[in-house]
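S.K.: Here the protein sequences line up with chains P and S, keeping their order. Each residue of the first sequence is one higher than the one before, starting from 1 at the first, in full-length UniProt numbering. Each residue of the second sequence is one higher than the one before, starting from 1 at the first, in full-length UniProt numbering.
Any copy will do: because identical chains look the same in the list, a pair fits if it lies in one copy or spans two.
Cut-off 25 Å, straight-line C-alpha distance, at most; resulting in silico cross-link-like pairs (SDA-like, lysine to any residue):
#1 LYS180 x LEU158
#2 LYS126 x ASP175
#3 LYS122 x ASP175
#4 LYS126 x PRO178
#5 LYS122 x LEU160
#6 LYS110 x LEU62
#7 LYS180 x ASP143
#8 LYS11 x ARG71
#9 LYS70 x ASP171
#10 LYS122 x ARG12
#11 LYS115 x VAL23
#12 LYS70 x TRP172
In short, the hints are calculated from the structure, not lab data.
Number of protein chains: 2
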Amino acid sequence: MKTVKEGEVRKREILMVARELFVTKGYEQTSVNDILKIVDIAKGTFYYYFASKEAVLAAIILDIVEEGAKRAERILKDQSVPLIDRIMMAIMAQSPEFEGSEEIRDQMHKVENAKLEQLYTKAMLKRMTPLLEVAVAEGIAADLFHLDYPRETIETILLLGHMLFDCNIMDWEMDAYPVKVKGFLANMERMLGTRAGELEDFLQMFA
Amino acid sequence: MKTVKEGEVRKREILMVARELFVTKGYEQTSVNDILKIVDIAKGTFYYYFASKEAVLAAIILDIVEEGAKRAERILKDQSVPLIDRIMMAIMAQSPEFEGSEEIRDQMHKVENAKLEQLYTKAMLKRMTPLLEVAVAEGIAADLFHLDYPRETIETILLLGHMLFDCNIMDWEMDAYPVKVKGFLANMERMLGTRAGELEDFLQMFA
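Produce the entire structure from the sequences given, and follow the hints as far as they go.
M.R.: Next comes the structure, spelled out in structure tokens:
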């Protein structure tokens with residue numbers, strides 16, 4: 001008799017193989033059969049764990065949210081780095097842009113996969129908000145931030161960062177981005193109630 | 001021979017009938033045949049104008065954006081109303097909430113119709129941003145608003161208003177909404193660089 005733990009291992013194995021195939025071969029070009037062959041399981045076993053190839057992709061997206069949150073968590077904990085830098089780097093590190101899984105991000109951004117994009121956004125907000133709440137509370141205690149709605153402001157910043165820069169909802173020309181980033185940082189400074197230019201200064205690190 | 005104008009009339013007729021059916025009978029329960037019967041056209045004529053029932057729904061959604069923008073435009077032009085009130089009412093009037101087309105909004109918000117939600121968001125941002133740019137410029141000239149990135153801030157406010165309050169992305173409990181609205185208005189005040197409490201005062205009108 002299979003134990004719960006064996007089931008979990010099998011499931012992780014399917015996810016690992018599928019992710020590798022989606023990234024190397026492409027999502028559309030990968031069939032459930034391709035996955036079965038490598039994991040060496042029967043079709044019935046696959047469908048015991050996942051309703052469809054798309055369900056596998058959804059599970060991979062939740063894994064990506066979790067990995068991003070873990071990176072953000074590590075960065076936020078490093079007290080040797082100034083708080084503003086930690087917060088900015090945590091937000092950037094959470095984005096799947098840093099994952100190298102372009103194929104999966106491309107899939108998520110396709111119009112017909114908009115529900116996967118929603119899945120990502122919801123899961124990311126739920127996972128990241130409590131992490132940043134701790135960091136923003138630290139900034140308030142240090143007289144660096146001044147705001148009345150920390151939780152709502154964090155939700156706003158996470159949602160905006162994702163919608164403006166990770167999605168393809170805005171239809172901006174490439175050369176519009178520098179001013180869009182500056183506008184976002186200026187508004188973030190105002191919402192956090194920090195010194196004007198504080199976040200733009202951080203950006204200079206990359207210039 | 002049919003003229004372009006006749007074609008446009010036929011298309012509008014299909015949209016009007018379909019919208020009526022979607023709202024009264026429900027989208028899922030309405031078939032292309034139901035639409036054909038009322039408009040009294042052949043299947044081929046329908047498919048000459050629309051690729052599918054979903055394409056009809058997409059066209060209706062673009063109509064809803066246009067209707068909302070027209071309402072917003074009328075409100076913004078009424079110089080007898082204080083600017084802040086006009087801007088707030090224009091943003092609220094643009095939302096399909098005011099259309100009475102609950103069935104279509106519900107369809108748009110279903111997870112499997114996420115691409116229609118995206119279609120709405122993109123079209124709404126494109127159509128509404130220039131309208132609000134004029135209003136915000138008026139506020140800057142009147143020393144009421146103080147900001148460096150008006151266009152980016154308008155895009156941000158429209159996107160936030162829609163994502164936070166018209167979509168089902170946030171998973172908030174019903175009783176969280178009052179504080180979420182307050183947080184949104186406080187952040188909007190900061191981004192526009194207006195007096196703290198200026199927008200919350202507007203909200204009192206509805207209390």
